[in-house]
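Fit chains B and C to the given chain A structure using the hints.
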Amino acid sequence: MEKATRFTLRVKITVVIFLVLFFLPIYTGLTDNGFYLDLVNRLMILAIAAASLNLILGHGGMISFGHAAYLGIGAYCVGIPAYYGVDNGPLQIFLAVAASGIFALITGAICLRTKGVYFIMITMAFTQMVFFGFVSVEEYGGDDGLVIDTRSNFGSFINIQDNINLYYFILISLIICLFLIHKITKSRFGLVIEGSRSNEQRMRSIGFDTYRYRLICYVIAGCICGYAGALLGNFTNFISPEMMDWAASGELIFMVILGGTGSLLGPVFGAAAFVILEEWLSSLTLYWHFIFGALLIMVVLFARGGISGIVTYLGNRKQ
Amino acid sequence: MTPILKISSLCKQFGGITATNNIDLNINEGEIHAVIGPNGAGKTTLISQLSGDLKADKGAILFQGDLITNMPSNKRSLLGIARTFQITSLMLDMSTLDNVALAVQAHSGHSYRFWQDARQDNQLIEPALYVLKQVGLLGPKDIITRELSHGEHRQLEIAMALATQPKLLLLDEPMAGMGGEETQKLIAILKRLKTGKTMILIEHDMNAVFSLADRITVMVYGEIIATGSPKEIRANQKVKAAYLGDEELQTC
Amino acid sequence: MDWVLFVTQILNGLQLGVLLFLLASGLTLIFGIMDFVNLAHGSLYMIGAYFCGTFTDITDSFFYGIILAIPATAVVGVIVEIIIIRRLYSQDHLDHVLATFGLILCFDALVHFAWGPEGMAIPLPAILDGQIEILPDIVFPTFRLLIITTGLTLAIILYLVITRTRSGMLIRAGASNRTMIGALGIDIKTLFTLVFGAGAAMAGLAGMMISPITEASIGMGNDIIIVAFVVIIIGGIGSVKGAFIAAILVRFIDTMGRSFLDTFLKLLLSAESAETAAPALSAMLIYILMATILIFRPQGLFPPRGR
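Chains as they are written, first to last, in the numbering used here: chain A, 156 to 474; chain B, 727 to 978; chain C, 801 to 1107.
Derived from the structure by calculation, the hints contain no laboratory data. From the three backbone atoms N, C-alpha and C, an ideal C-beta is built for every residue, glycine too. Each hint should be verified, as a subset may be incorrect.
Stated by the list, open to error - BS3-like mimics (lysine-lysine), calculated; alpha carbons at most 25 angstroms apart, straight line:
1. C/K1066 <-> A/K270
2. B/K732 <-> B/K957
3. A/K341 <-> B/K784
Stated by the list, open to error - Now the in silico label distances, taken between C-beta atoms and shown as ranges:
4. A/L179 <-> C/E1075: 24 to 32 angstroms
5. C/F913 <-> A/M453: 16 to 24 angstroms
6. A/F177 <-> B/P798: 44 to 52 angstroms
7. C/L1069 <-> A/D298: 18 to 26 angstroms
8. C/L1069 <-> B/I743: 52 to 60 angstroms
9. B/G766 <-> A/T169: 55 to 63 angstroms
10. A/E434 <-> B/I813: 49 to 57 angstroms
11. B/R918 <-> A/G417: 55 to 63 angstroms
12. C/L1069 <-> A/T169: 52 to 60 angstroms
13. A/N392 <-> B/N796: 20 to 28 angstroms
14. C/G916 <-> A/Y323: 38 to 46 angstroms
15. A/G417 <-> C/G916: 52 to 60 angstroms
16. A/E434 <-> C/F913: 14 to 22 angstroms
17. A/K338 <-> C/S890: 51 to 59 angstroms
Next comes chain A alone, as it looks inside the complex (with noise of 0.2 angstroms):
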């Protein structure tokens, strides 16, 4: 009986989330006040890229402090192409899905040969390797960045030079996205993952070679935010390294664990918070950093299980 009433109301809220954004526009349209949109975008974009961390760091249990190499290196895919005259955009998001999921291979088969801390501090190294990499490429603008002057161009299928179309586009993404990663973490694959996390030496005695299926996880993860990368590059039209800061894989953590790290939601809860919380603080102080560092602090303190807790917790308490 609990279960099912946690369910109706999670159902309840995704039901109403998604109707909210996809009559968005509209409302924008109405209002003519193209400054939510955007907002929107990024929120969306941001939780496919929260999403596909809490993959492997809810889910997998790999805590990675680089999963904003991705992003850059998908933006990157759109932007140098562009770059290079070429608009192709099946092509673009193929190189930002590959680009992503070869460099999540390397940096994960040597990353996952270790543990804990380690772990931590070498995606934290890999990424930053990607940072100076391109910021000391003069040719794609170095530390200033690239403008992409084109979006990516799907023909006949979408055009999303135009905002309205982009917006459908990032939305159905982010639908996509996340009913594939719901897919995969109920799934055969998913179990074993889940059970790495729990405990990966009895995983090991029943006869999985745990290394291989995180591995696998990890770089879908790394594929998933690389799209990502290339819907923020056509986004922003514009990309520089510090997309891939580290402080930016940082605040990929403090969404998924601000949304919770054990539903499906809790990543778009996250992102969602975080796009808010940081326009409105930033539009009251300053020095709103502060405040966000000491949020991230009191979150970890006093109110693990995030925003997507606290909804289990309503739902379990209406029972």
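What follows is chains B and C alone, placed relative to chain A:
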């Protein structure tokens, strides 16, 4: 009878301490072979070397004629060696059924499936439920493992090992910390399982050892001092002197 | 090859290396003893630099500036340990990372508030602001030589403290086997606080010594902290000796890469592609070094024993 497992000159040292020293032992197919000895005799180390959780410093292990000395634990499991842990080692934040289903899945050979819902997958659920029924854990199948009692944890340990359909079952003190009634239940379960399985059983409960074992090996300070039938072990002077302290033997 | 440049760059690498060691040694001890991931260690490096700037302003002397700033930074470290860090030891690494990431944001904002967004230049006294001819034809800035000497001296003192004194023994025992400290019946709380404060002071000192060269700025600790992580990973968590060797190695390779990699690549590639590839490759060199070492030694060069 043919030995299913041949151990020769197996050694393991931790720093300056010798945990197992030149162990030579053959385990026959279909027997329950108990390994007894005082604490620190190296029994758990031996099990861990057989399961692959610990690397051997020296020596060789042959399982069904294959050399497995340097094989990682997951591969040994796929060959048919399963173990339980003395200190319960489970996926504590997953349900009882999930724990067993994972063990089934490990040996079904299809874990690169990303789409179908594993918890609706009858190829996993049915064998898992069957094993849970065997050890009498059907009741709490949907409970998160962390919340089970100690006795249930011990039963689940065995269920997970069984779910991998092992040929050789390594039981590291399965009765540890159990009450008398629970122990009797577990002895009955193990007796029922005896057909078709070889077991190595480490146990301090002499009642359990003498009612289950076909043969017994006694270890002291990392070395084997005697191997034989329960009757032979009972009569063995060396064993009496070194370990059993006569009164325990006489009560069985 | 230009030998003057080569020797100068070796000395530069050494100077940056000892500074990096000051940061990394505290970090590795905190990791080793408390199993605590402190991302905010770089913030103490920054705080040290700003304190030094302010005290130098007030006292009109760089020396007094440093002498006052070291205990001040240590006090900040101790306060942070008592108020926040202490509550986190029992929690998992994810919590450490998140909370200390939060601390970084707080520190950066506080420095922004107190000192403004601009960097802070710290003037050197005339006596240090010159150059010395250390070998025929090779001149090197006096202040950088002082950094090398100070850094090496501190490394030796640290080594002696850790290998020769009772508290050092405890620290060493703790860094390789944490349960040991409890077993020895030591007041763990105080030991942790002291080690944290000492780590803060060393990180702060590194910040103080670099700031006359680069000036103190917000976020100056955030870049170097990752390099310090690379050092600890290469050296082996908990090993001060490993941290020293790795810090020198990392800065040495970094400096050499930046100065000579393009020359070297021109032997293999066309001049044009060498000029494009060299900066990117040299920026990534230390991370490639880290990856290579990890492939062969997943626990670093001097792995802690007994864990």
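Hints, verified against the model:
1. Of the supplied pair hints, the one linking C/K1066 and A/K270 is violated, its CA atoms being roughly 40 angstroms apart against a limit of 25 angstroms.
2. Restraint check for B/K732 and B/K957: satisfied, since their Cα atoms lie roughly 23 angstroms apart, inside the 25 angstroms limit.
3. This hinted pair does not check out: A/K341 and B/K784 have alpha carbons roughly 43 angstroms apart, beyond 25 angstroms.
4. The hinted window of 24 to 32 angstroms between A/L179 and C/E1075 is violated, with their beta carbons roughly 48 angstroms apart.
5. For the hinted restraint 16 to 24 angstroms between C/F913 and A/M453, the CB-CB distance of approximately 20 angstroms keeps it satisfied.
6. A/F177 and B/P798 have their C-beta atoms about 50 angstroms apart, which keeps the hinted 44 to 52 angstroms range intact.
7. Checked against the hint of 18 to 26 angstroms, the pair C/L1069 and A/D298 passes, with Cβ atoms roughly 24 angstroms apart.
8. In this structure the hint that C/L1069 and B/I743 lie 52 to 60 angstroms apart at CB holds, the actual value being about 57 angstroms.
9. A beta carbon spacing of about 57 angstroms between B/G766 and A/T169 agrees with the range 55 to 63 angstroms that was offered as a hint.
10. In this structure, A/E434 and B/I813 meet the distance hint of 49 to 57 angstroms, their C-beta atoms being roughly 50 angstroms apart.
11. Taking 55 to 63 angstroms as the suggested C-beta distance range, the pair B/R918 and A/G417 does not conform, at roughly 39 angstroms.
12. Roughly 54 angstroms separates the CB atoms of C/L1069 and A/T169, a value that falls within the hinted 52 to 60 angstroms.
13. Taking the beta carbon of each, A/N392 and B/N796 are about 56 angstroms apart, not inside 20 to 28 angstroms as hinted.
14. Checked against the hint of 38 to 46 angstroms, the C-beta distance between C/G916 and A/Y323 comes to roughly 44 angstroms, which is consistent with it.
15. Taking 52 to 60 angstroms as the suggested C-beta distance range, the pair A/G417 and C/G916 does not conform, at roughly 43 angstroms.
16. Separation of A/E434 from C/F913 is about 21 angstroms and conforms to the stated range, judged on CB atoms against 14 to 22 angstroms.
17. Checking the proposed 51 to 59 angstroms range against A/K338 and C/S890 shows it is violated: the Cβ atoms sit about 36 angstroms from each other.
In the structure shown, a violation is registered for the earlier hints numbered 1, 3, 4, 11, 13, 15 and 17, in ascending order.
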